[in-house]
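Residue-level listing of the chains:
Protein chains: 2
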Amino acid sequence: MPQNDITILGAGLVGSLLGSFIRSEGFGVDVYEMRSDPRTIECKGGRSINLALSHRGIRALKMAGVYADIKDQLIPMKGRRMHDLNGQLYTQSYGQADQHINSVSRNGLNKVLINHAEQRGVNFHFGYKCTDINLEKTSITFQNGEEVTSNVIFGSDGAYSMLRQKMEYTDRFNFQQHYIEHGYKELRMEAKNGDFAMEPNYLHIWPRGNFMLIALPNPDSSFTCTLFFPFEGPLSFQTLQSASDVDDFFKNYFPDVIELIPDYIEQFQKNTASSLVTIRTKPWHYHNSLLIGDAGHAIVPFYGQGMNAGFEDCRLLLEWGKELNFDWNKVLPYFSQHRKKDADAIADLALNNFIEMRDHVADERFLNIKKVEARLQEAYPDHWLPLYSMVTFSDLPYSEAMRIGQLQRQVMNGLSDGFDPKKVELAPLMEQFNSLMQDAH
Amino acid sequence: MPQNDITILGAGLVGSLLGSFIRSEGFGVDVYEMRSDPRTIECKGGRSINLALSHRGIRALKMAGVYADIKDQLIPMKGRRMHDLNGQLYTQSYGQADQHINSVSRNGLNKVLINHAEQRGVNFHFGYKCTDINLEKTSITFQNGEEVTSNVIFGSDGAYSMLRQKMEYTDRFNFQQHYIEHGYKELRMEAKNGDFAMEPNYLHIWPRGNFMLIALPNPDSSFTCTLFFPFEGPLSFQTLQSASDVDDFFKNYFPDVIELIPDYIEQFQKNTASSLVTIRTKPWHYHNSLLIGDAGHAIVPFYGQGMNAGFEDCRLLLEWGKELNFDWNKVLPYFSQHRKKDADAIADLALNNFIEMRDHVADERFLNIKKVEARLQEAYPDHWLPLYSMVTFSDLPYSEAMRIGQLQRQVMNGLSDGFDPKKVELAPLMEQFNSLMQDAH
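So the protein lines, in turn, are chains C and Z.
Using the working numbering, you'd call the opening residue of the first sequence number 1 and step up by one each time.
Using the working numbering, you'd call the opening residue of the second sequence number 1 and step up by one each time.
Treat the hints with caution; some may be incorrect.
Note that identical chains are pooled: a pair holds if it fits in a single copy or bridges any two copies.
[What the hints assert, rightly or not] Quick list of in silico lysine to aspartate or glutamate cross-link-like pairs, EDC-like style, CA-CA up to 20 Å:
#1 K282 - E168
#2 K71 - E181
#3 K192 - D327
#4 K282 - E364
#5 K270 - D327
#6 K166 - D132
#7 K341 - D37
#8 K340 - E181
#9 K282 - E181
#10 K137 - D84
#11 K192 - D263
#12 K129 - D69
#13 K341 - E186
#14 K330 - E232
#15 K78 - E186
#16 K137 - D439
#17 K185 - D171
#18 K270 - E323
It should be emphasised that the hints constitute simulated quantities derived from the structure, not laboratory data.
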């Protein structure tokens, strides 16, 4: 049986970046991917077309020396552009003037990462579907009959990870897969006269209470729109079946979208709805194998952090690996133990952010709180960083960001009804916040 | 491919009883069991030797007409008999004078249930290990190569259910397996001069804060003792390895057990520690298949309700089946939807009861609250039933019992420090409780 040094299952975003990192430390790395090489065949599948790349992801890409290769393909999004029922637009910045998140093509980024890893000596094996894993022997069997053993296996094989499936049947392995009531369906908004049909440097949102439509720009001047919508219930994917149902729905809820996606009925009826899952496991390792990225902690997409968290996993694994001299017997449990609380935190934050996006972003009190928070950040830049900024524009552990965010919310909940965001006195708010922070320690 | 009417996976306690019930309605029933026939071979395995049978289980056994066959094998347990560090004993009744739970041999009860079902025309197939299930076709493949299709499959195949494993990979199937930090190890306390070594009509408990030992009587005048103990940590299965470690541990924590189990060191070192899992899934059905008992909702053993809940599942399935004219397309989703909240409730109650048993039963305030509750029950028998009684001696849905129990606890939490359980005025407590009950509606 061939013997690998390090085996990575899955050549997606996390697996490819992880390969580069580990190879850079001198290890032999083989990556096995069930799908075909995305560089030769257009990748299809139930996954989203574009993603939001932000600080945590960028930091990891820079550390791997691959950021320069993808930089030109990014489209900055400075904030949220909300569309109300009348087609009126409201803008809410994500952070300070120079801060933005970036729309990036999943497939485009994947190709760049694979090229980068391959150039550095990582061996990629496409079309290798794993059919069995022996965790005790750290060996893998593929559908083509080939078998390999390895010193270490990393499972970056996504939310439906085969490695995790094997771990599930080991004793005392905690596991949860939870689907939300909503699914998503993508619709393509073509370029108009060769240019973006809407302002490209924003993440567009049509918040509609229990559901929402969003749109992210693509490099070809199109937008990918995604409808997050209940699977079942009075107004749901289940009830919107006929062309006239769909037509009514768009006319009622997204009237300004109709002329921008002329074939919205056809697309809605043709494209399938996909489900949204949160995965939690504890631990992430067993013997010489470790789950990483979605395989251990898939999250819903509402904080735009799934990929960023996976890339941060890779960075931390490398940093902690260096600290522990790449003694994998130590690195695997260390990672499993120290990263877990942050994966749990971003899972919770992502679930909560759905409610914020679909519902609160159109709420006056919510918008006024955001304004007060922006003033606080300006007045006390070292002491008040809004939760969104801590998550998106900082390296603060997610669990720490969540904890501080809860204290901030406590302070903001104390604002009286109908407060004027421009006149609220900031000093007492800061005092209360500082006092809460001290109590917590 | 042979075609069954109703197929049941697993001939354990729930599968055998379910077989009787469904057969009694005129359906053809085939039960497939991985293990050998427990009537011909002594059953071994990681499962507990005896169990506590109480009202819900008895009601289902009576309804199936099998209670008379097992009645003589039951050993009543009237309450908890607590052993303190000095070997002093304290007794706490489970309910009123005529109320008790019953120690029963798992294996003995299983044999009775299989005989009963077989006599009524259920076909049992032992040594049939299921290797694959096609949920869409409702077909099962066994290790011996045989295949069957069925109109309906019931999965009563326990906490590590194969049917559930298949359901896990269907879209939008919520699933959680959670192991507690504690495991259990069984020790046998032999009869002494042909009689029980301790008072048999109690469930004995040695509560020790973070861990505990319990003992249930067996028909051969022995006791099965079970140590619930952390797997890891300063004082844990991991740290108690050498004979002298075990010896010190028993001398420190269970001094009165030493002379009753002379070979405690040998047994402790020989017997393995098993893990304790809670399983939750939603839904419990897919297409024409349904999970029942532990397969859908395995719980920890601390409320003595795992088997009782499984038997109650069978009774409800039969009753709801009758109401729906055994239209399985309706019965399966109906059961899945209506029983779920109660399975969740008993899972939570069982986890909480571990803390009560190992820690609070030795606490003075806790014992005094129990005394006040007993007085309340006596004074207001139709309006105050303690939580333990609602769970153990009534048919109230578990979720309802939990809800009422929470309101009761709220009332009891209001008792001042150092209250005298004999002098507390009852009427104001009842008034507060009734008001909380009204608010909740």
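Consistency of the hints with the structure:
In the homo-oligomer, the alpha carbons of K282 and E168 lie at most 20 Å apart both inside one protomer (10 Å) and across protomers (18 Å), since each shortest distance falls under that limit. Taking CA atoms no more than 20 Å apart as the test, K71 paired with E181 passes in neither setting, with 36 Å inside one copy and 47 Å between copies. In the homo-oligomer, the alpha carbons of K192 and D327 never lie at most 20 Å apart, since the shortest distance is 55 Å inside one protomer and 55 Å across protomers. Taking identical chains as interchangeable, the C-alpha atoms of K282 and E364 are never at most 20 Å apart, the minima being 40 Å within one chain and 37 Å between chains.
When the C-alpha separation of K270 and D327 is checked against a cutoff of 20 Å, the pair qualifies neither within a copy, at 51 Å, nor between copies, at 34 Å. In this homomeric assembly, K166 and D132 come within 20 Å of each other (Cα to Cα) both inside a single copy, at 8 Å, and across copies, at 16 Å. In this assembly of identical chains, K341 and D37 lie within 20 Å of each other by CA distance neither inside one copy nor across copies; the values are 34 Å within and 46 Å between. Taking identical chains as interchangeable, the C-alpha atoms of K340 and E181 lie at most 20 Å apart only when they sit on different chains, with a minimum of 17 Å there against 25 Å within one chain.
Taking identical chains as interchangeable, the C-alpha atoms of K282 and E181 lie at most 20 Å apart only when they sit on different chains, with a minimum of 12 Å there against 24 Å within one chain. Taking the closest pair of Cα atoms, K137 and D84 never come within 20 Å of each other, the shortest separation being 57 Å inside a single copy and 47 Å across copies. Taking the shortest alpha-carbon separations for K192 and D263, only the intra-copy value of 14 Å comes in at or below 20 Å, while the best inter-copy value is 85 Å. In this assembly of identical chains, K129 and D69 lie within 20 Å of each other by CA distance neither inside one copy nor across copies; the values are 29 Å within and 54 Å between.
Within a single copy, K341 and E186 get their C-alpha atoms no closer than 32 Å, and across copies no closer than 34 Å, so neither meets the 20 Å cut-off. Only between protomers do K330 and E232 lie at most 20 Å apart by alpha-carbon distance; the minimum there is 18 Å, versus 46 Å within a single protomer. Taking CA atoms no more than 20 Å apart as the test, K78 paired with E186 passes in neither setting, with 22 Å inside one copy and 62 Å between copies. Neither within a single protomer nor between protomers do K137 and D439 lie at most 20 Å apart by alpha-carbon distance, with minima of 49 Å and 59 Å respectively.
In the homo-oligomer, the alpha carbons of K185 and D171 lie at most 20 Å apart only across protomers (15 Å), although the nearest pairing inside one protomer, at 38 Å, exceeds that limit. In this assembly of identical chains, the alpha carbons of K270 and E323 never lie at most 20 Å apart, being 51 Å within a copy and 40 Å across copies at closest.
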